[in-house]
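K.L.:
Letter by letter, the chains look like this.
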Amino acid sequence: MLVLISFSFAAMMLFCLAMTKHRKQVLEDEISSLTVRFFRPFAWLLLLFTGYLSVDMYGWSIGPALFFGALTIAILLLILLLTYRAKIVPPLAVIMPLIASIGIFIN
Amino acid sequence: MKDSFRQSMKWFHTWVGLIVGWVLFFMFLTGTLGYFYQEITRWMEPERPFIEHNISNERLLDIAQAYLINNAQGVDEWDIMLPSVRDQNLRVGWRHPAEAGKKRGKYKIKVLDANTGDEIERRATGGGRLLYRMHYRFHYLPTEISYWIVGFCSMLMLLAVITGVVIHKKIFTDFFTFRAKKGLLGWLDIHNVLSVIALPFHFMITYSGLLFFLFTYMVLSTNLQTNEDELDAMLDEIYPRTAHLEKANQAAKMLDISILYQQAKTTWQADELSYVEMFAANDVNAHVLFVRHETDITYNPEDEVMVNAVTGELILQKPKEYTVTSMIHNGFFSLHEGHFAGSIARWIYFFTGLIGSAMIASGLILWTTKRKPKQLKNPNGPDFGYRLVEQLNIGTIVGLPIAIAMYFYANRLLPVDMANRVNWEANVMFISWAMLLIYPIFRPANKAWYEQLTLAALVYFALPLVNVLTTNKHLGNSLLQQDWNLAGFDLTLLVVGGCFAFAAYKFRALQVNIRPSKQAIKKVEKQCVQAMNESLLPLQQVNKDQC
Numbered sequence: 001m002l003v004l005i006s007f008s009f010a011a012m013m014l015f016c017l018a019m020t021k022h023r024k025q026v027l028e029d030e031i032s033s034l035t036v037r038f039f040r041p042f043a044w045l046l047l048l049f050t051g052y053l054s055v056d057m058y059g060w061s062i063g064p065a066l067f068f069g070a071l072t073i074a075i076l077l078l079i080l081l082l083t084y085r086a087k088i089v090p091p092l093a094v095i096m097p098l099i100a101s102i103g104i105f106i107n
Numbered sequence: 001m002k003d004s005f006r007q008s009m010k011w012f013h014t015w016v017g018l019i020v021g022w023v024l025f026f027m028f029l030t031g032t033l034g035y036f037y038q039e040i041t042r043w044m045e046p047e048r049p050f051i052e053h054n055i056s057n058e059r060l061l062d063i064a065q066a067y068l069i070n071n072a073q074g075v076d077e078w079d080i081m082l083p084s085v086r087d088q089n090l091r092v093g094w095r096h097p098a099e100a101g102k103k104r105g106k107y108k109i110k111v112l113d114a115n116t117g118d119e120i121e122r123r124a125t126g127g128g129r130l131l132y133r134m135h136y137r138f139h140y141l142p143t144e145i146s147y148w149i150v151g152f153c154s155m156l157m158l159l160a161v162i163t164g165v166v167i168h169k170k171i172f173t174d175f176f177t178f179r180a181k182k183g184l185l186g187w188l189d190i191h192n193v194l195s196v197i198a199l200p201f202h203f204m205i206t207y208s209g210l211l212f213f214l215f216t217y218m219v220l221s222t223n224l225q226t227n228e229d230e231l232d233a234m235l236d237e238i239y240p241r242t243a244h245l246e247k248a249n250q251a252a253k254m255l256d257i258s259i260l261y262q263q264a265k266t267t268w269q270a271d272e273l274s275y276v277e278m279f280a281a282n283d284v285n286a287h288v289l290f291v292r293h294e295t296d297i298t299y300n301p302e303d304e305v306m307v308n309a310v311t312g313e314l315i316l317q318k319p320k321e322y323t324v325t326s327m328i329h330n331g332f333f334s335l336h337e338g339h340f341a342g343s344i345a346r347w348i349y350f351f352t353g354l355i356g357s358a359m360i361a362s363g364l365i366l367w368t369t370k371r372k373p374k375q376l377k378n379p380n381g382p383d384f385g386y387r388l389v390e391q392l393n394i395g396t397i398v399g400l401p402i403a404i405a406m407y408f409y410a411n412r413l414l415p416v417d418m419a420n421r422v423n424w425e426a427n428v429m430f431i432s433w434a435m436l437l438i439y440p441i442f443r444p445a446n447k448a449w450y451e452q453l454t455l456a457a458l459v460y461f462a463l464p465l466v467n468v469l470t471t472n473k474h475l476g477n478s479l480l481q482q483d484w485n486l487a488g489f490d491l492t493l494l495v496v497g498g499c500f501a502f503a504a505y506k507f508r509a510l511q512v513n514i515r516p517s518k519q520a521i522k523k524v525e526k527q528c529v530q531a532m533n534e535s536l537l538p539l540q541q542v543n544k545d546q547c
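Protein chains in written order, with our numbering: chain A, 1 to 107; chain B, 1 to 547.
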């Protein structure tokens, strides 16, 4: 479940960085427009992967329901952080999925 | 009506939301608590023992069966509920004989001490069940009427959800936008964000909510289009019946359930029993059904294992016959109630429920915030309608959580042997809510908000303390026993109290900022005079900035 939340968080952050308005909020340096163009397809890929993961973990019936739940929590977290602590979003989006994946392998 | 489609939808969304907003807030909040109704009930019965660690399912089954042999003589069907994450006590239950004039007897649950096997005397309480039943069956109203009110409100909610999507012009470009410090815009963003991020939940919960009382709402259709037999056939198709096991009326000695359980264990290849149902006990035809935690939203036949309780043979035919219709129907119920949810998923359900309540609350606040500047300019003060909405907002959005806390206080403080105790718990809740609805009439809105927020914080912080003073199931002990079920409840109360305290603090801070200090006023006056001398336009700007 936590792994789903953290992957959705990362995917949603990529969507968010694809928008100029939010990119300025999060990143200090301007990045090349070529890189930015990759954000959105990448975000979709990551989101698809999260959906797949959810179905893989919980089956076709419960998986999609929990995927939407995880997505909701992830976006809420992202929006709150964007407003109040925008700078920690990118590191968090990397660290959270990493920790969550490691947690799965340990179990 | 307004000219464009979007405009008219906006008009519709605003007024539909306003009319039923407070009822919906009540339904959403009590419904959200319903995701934890078992946990709440356990907290509200402090006579129950703490969790027993390291006790095997077989041992628990033996204890329960021993109790049932002594105390449930002549009862054909009974259940054993094993301790779970949601309720860490061993429980047994069966339907008692019907009282005079009633069709069916009451189903009563008894809580057992997992060490001694004795029944535990518990106080009379409505528990979490009464609280969550309120969200579809209003407490003081007859069942039929409350179903209709709930249906009406849910239908309008569904319309509000759909029109909300229509009028939200920039769902994707504003997906992450939350301008916290922009007053009206901030409230609009909060409302949008809360609606959009949990949109699947909002739609699902409203739509499936309407399905619950399908045959009440669609009464015209069922009455006109079907005859009695067709209706029965339809009901059979939608609601799967458990096949009734006939007694052979031949007494027989049953095997120990703990031994029979081995069959289920081998089938599942795991020790994950949730509850046990017994049919035709102490008969040749006795059957026992082992059920594990649900692994499918609709229905997974493999979650149940039926065993003949006398011979111990596995019965392959399933006790419930599900049609496709009933599976879909059951799926919607299960989604609505979150049957399948484990502990983290249950918390997510809880949070999304809170997001829903907050969405409704923010919509209501948005209505007043939008009209506030105009209303304050009104020479006779704000309109009656505006004031009413504001008072209802304060009395419901902050008042209802306080009233719910009062329900818990009543549980701890009312005398244990009081007559009609269950009713009085609910009465205390509704009396406090009524008082909190009336209170804002006599106070200026800003003060009423602040005072009720502070009161909410106090009430929630004090509840764990009252728990310490009145019972031994308080936070100290529950943490010591690692009973996360009980500890979680107290900790949640503290967190809720913290949230209210923060809200009160923030509210106060904003008020202080808005109310200019004497120096600031002088400065503004100076600016105004200057501006007047120069031209009219800057004056308006200054005024705007200060408002």
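By construction, these hints were calculated from the structure, which means they are not laboratory data. Hints may be right or wrong, so weigh each one.
[Claimed, not checked] Straight-line C-alpha distance at most 20 Å; calculated SDA-like pairs for lysine to any residue:
#1 B:Lys182 with A:Ala86
#2 B:Lys374 with B:Ala358
#3 B:Lys370 with B:Asp189
#4 A:Lys24 with B:Gly385
All values derive from a computational prediction rather than experimental measurement.
K.L.:
Against this structure, judge whether each hint is valid.
P.N.:
Outcome of the hint check:
no. : hint                   : in the structure
1   : B:Lys182 with A:Ala86  : holds (17 Å)
2   : B:Lys374 with B:Ala358 : violated (25 Å)
3   : B:Lys370 with B:Asp189 : holds (13 Å)
4   : A:Lys24 with B:Gly385  : violated (43 Å)
In terms of the numbered hints stated before, the structure departs from hints 2, 4, listed from lowest to highest.
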